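> Residue strings, one per chain:
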Amino acid sequence: MTGHYLDQLMFVALPYVALTTFFLMTIYRYRAQSFSYSSLSSQFLENKQHFWVVVPFHYAVLVITAGHLVALFIPRGILAWNSHPLRLYILEVSALACGLLTLIGLIGIVWRRFTTSKVRQVTSPTDWIIYGILLLQVASGVGIALLHPWGSSWFATNLSPYLWSIFTLDPNISYVAPLPLLVKFHIVFAFITVGFFPFTRLVHILVIPNPYLWRKPQVVRWYRPRK
Amino acid sequence: MNVRSQIAMVFHLDKCIGCHTCSIACKNVWTDRKGTEYMWWNNVETKPGTGYPTKWEDQDKYKGGWEKKNGHLEIISTGKAKVIPNIFHNPHMPSMDDYYEPWTYDYQHLFNAPEGDDQPTARPVSMITGEELAIESGPNWDDDLSGSKLYAENDPNLAGLSEQQRLQLSSVEQLVFFYLPRICNHCLNPCCVAACPSGALYKRGEDGIVLIDQQRCRAWRACVSACPYKKTYYNWYTGKSEKCILCFPRLETGQAPACFHSCVGRIRYLGVVLYDADRMEEVANLPNDELIEGQRSMILDPNDPEVIRAARANGVPDGVIESAQLSPVYQMVKVWKIALPPHIEYRTLPMLFYVPPLAPVQSNKSDDVIDHVSENLFHDIDDARVPMKYFANLFGAGNEGPVRYALAKQKAVRWHRRAITVGDVDREAADRILREADCTIEEAEAIYQLTSLCTFEDRFVIPPMYREQAVEMLKDPHEHRQSVGFGFSSGPKRGL
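Protein sequences, first through last, are from chains H and U.
Using our numbering, read the first sequence as starting at 163 and increasing by one per residue.
Using our numbering, read the second sequence as starting at 926 and increasing by one per residue.
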């Protein structure tokens, strides 16, 4: 392992602290306080702006997250796609558009929470912190898309192997050490988000209702054993 | 035959005096917490009126309930195809504005106000933000406001009434209203349960009470949109939905629910009915004019040996079957057919039934002379100030037949009793009216007994709930007692 001391701290120590916290705390919270797993929707208190800020944010952030996961799991696919400049251009522009939509949605969400007095009542200090982290994270992502418009290829060539080196407990920071400062910032904040995740309302992502589409419409629970 | 037991209810509207004692009993027991201030699991509405939340029956606005599509039922608001794309923003979710913003008064100001020329006042402040509030609506905001252009005139049940009838309802001489107390109907085919993406809502198998598992609710809010009666509520503070639990902790200890227990007019009846769960889908799919009879046919005769055998085979305890045989609800709904489900066209098969009220007669019928002689002492039900069509929209899925039957029978009971107690009406006329109403003297006496002279035990036939066996199911009770000790119970804490 080579690299600067700070790089070691940011790209080896932080990821493991973040991932350990993420897994232990989400499981612990689910077991000890499953009541607190809720999307904590505020639509009931303010139903007009809600649509215009929440919907763009969620759809855009889903696309962005999916894009990151594709690059993580099939980096070769991304590289093959990007081998043609036009296709790289299409990918980067779509990513930028979704990134901007996420950013606008997020700013809208924060604005709505700040200006609607009823919604402000159900906004905890933790919410403000996670909004701050997310704002920095999304803004830096948009910044990368603007200033380094070949970021998708970088993810495939550098980020993906680096992340896999983390997951396989063989951290190799040589992939990330030479990256521009903005990209490093984005990576560090990604781990901060992951580490802070279990303490926030973001846990609702983990309880998305997948069985709904397959279950019978009516649910009956019996307290006595049935013959 | 898949026999299940269900706790069902009847509210006798002729006896409701609109005192709201039920609402207050419920509020004090269940919804005096932060986040639930605006909730009225039990509320009493003035009809004609817009109700709570405002115009809840207007399904063009709220999109509650089921609809028939290509021969099967679909949830109007958030069916399976729509629930995922709509999960971030529920397009048919009512907001607090549709209910009201709860408030209190700044009483401290009365003590702390600086000395001045005027008396200090206690200004209303929002219970959500603490800010000063210009009150625009509140609980029972249109209480007794029948005839009002702002409220009563917007009652969705006025659909299909002639212009003449509508005008009469809002003219001072013709003003009329009755009360409609509402709680969760604990439906056989609950839309809220079917809509919950997390599977947090469920129907208790043993007694049919519909509950929300607070640990599994994730605030997707689909139940609030789906329930056509708007009887699931979103707790804005805990981020969980809540609803009437039919006071199951009271029922399990043999007590009537708080709203039933406290009812001043003694309008409420509670008892268990046995029904055939296998027929639910078929019945919920019937055409509108067959729904009431269809639901009645699902309810089984608890004295029929075949039903008893099937119930036992299905694990219904003998104590529950015996309770079903004494059920006042079974009598009123199935035998006498005087209790009707509200808005069964929503196809949730509600298990709370209403005895429609005999509304007052049109007293200015013959010119300006108000004429009450014995011959029309109990007026023709079609002369009532509330048009039959209105009742039909509320209790008959638009059909007058079942409502007419229920009202005619009640009228016949009155004639019969008048002939006995006062004697100023002809016995033969009373008999004729009984015959016309498809009512025997024995039945009329039984209806009279159960509606007028009913004791607590007549009104509430609470089945044994056998909750002790629920513990047994998991563990030997003696072992359970030794291993659990005092245990811990933590209150519901809002997520970070």
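Rather than coming from a laboratory, the hints here were simulated on the basis of the structure.
Please note: incorrect hints may appear among the correct ones.
BS3-like cross-link-like pairs, simulated, lysine-lysine; straight-line CA separation at most 25 Å [what the hints assert, rightly or not]: (1) K988(U) with K378(H); (2) K980(U) with K378(H); (3) K980(U) with K280(H); (4) K1005(U) with K280(H); (5) K993(U) with K980(U); (6) K993(U) with K378(H); (7) K210(H) with K986(U); (8) K1418(U) with K378(H); (9) K280(H) with K1007(U); (10) K1418(U) with K280(H); (11) K980(U) with K210(H); (12) K959(U) with K210(H); (13) K378(H) with K1314(U); (14) K210(H) with K1007(U); (15) K1005(U) with K994(U); (16) K1262(U) with K986(U); (17) K210(H) with K988(U).
Some chain H residues close to chain U (C-beta under 7 Å, calculated; not the full set) [claimed, not checked]: (18) F197; (19) N209; (20) I367; (21) R383.
What follows is a list of derived Cβ distance ranges for each label pair [said to hold, decoys possible]: (22) E1057(U) with Q195(H): 50 to 58 Å; (23) R1048(U) with V382(H): 28 to 36 Å; (24) Q195(H) with A1395(U): 19 to 27 Å; (25) E1393(U) with L224(H): 43 to 51 Å; (26) K994(U) with Q195(H): 39 to 47 Å.
Here the structure is a predicted model, which is why all the values come from computation and not from measurement.
No residue lacks a Cβ here, since even glycine has one placed at the ideal position from N, Cα and C.
> Next step is simple, just say for each hint if it's right about the structure.
We went through each hint and held it up to the structure:
no. : hint                              : verdict
1   : K988(U) with K378(H)              : 21 Å, holds
2   : K980(U) with K378(H)              : 31 Å, violated
3   : K980(U) with K280(H)              : 24 Å, holds
4   : K1005(U) with K280(H)             : 31 Å, violated
5   : K993(U) with K980(U)              : 23 Å, holds
6   : K993(U) with K378(H)              : 17 Å, holds
7   : K210(H) with K986(U)              : 15 Å, holds
8   : K1418(U) with K378(H)             : 31 Å, violated
9   : K280(H) with K1007(U)             : 28 Å, violated
10  : K1418(U) with K280(H)             : 19 Å, holds
11  : K980(U) with K210(H)              : 19 Å, holds
12  : K959(U) with K210(H)              : 24 Å, holds
13  : K378(H) with K1314(U)             : 37 Å, violated
14  : K210(H) with K1007(U)             : 20 Å, holds
15  : K1005(U) with K994(U)             : 13 Å, holds
16  : K1262(U) with K986(U)             : 32 Å, violated
17  : K210(H) with K988(U)              : 18 Å, holds
18  : F197                              : 5 Å, holds
19  : N209                              : 4 Å, holds
20  : I367                              : 11 Å, violated
21  : R383                              : 5 Å, holds
22  : E1057(U) with Q195(H): 50 to 58 Å : 36 Å, violated
23  : R1048(U) with V382(H): 28 to 36 Å : 49 Å, violated
24  : Q195(H) with A1395(U): 19 to 27 Å : 24 Å, holds
25  : E1393(U) with L224(H): 43 to 51 Å : 48 Å, holds
26  : K994(U) with Q195(H): 39 to 47 Å  : 40 Å, holds
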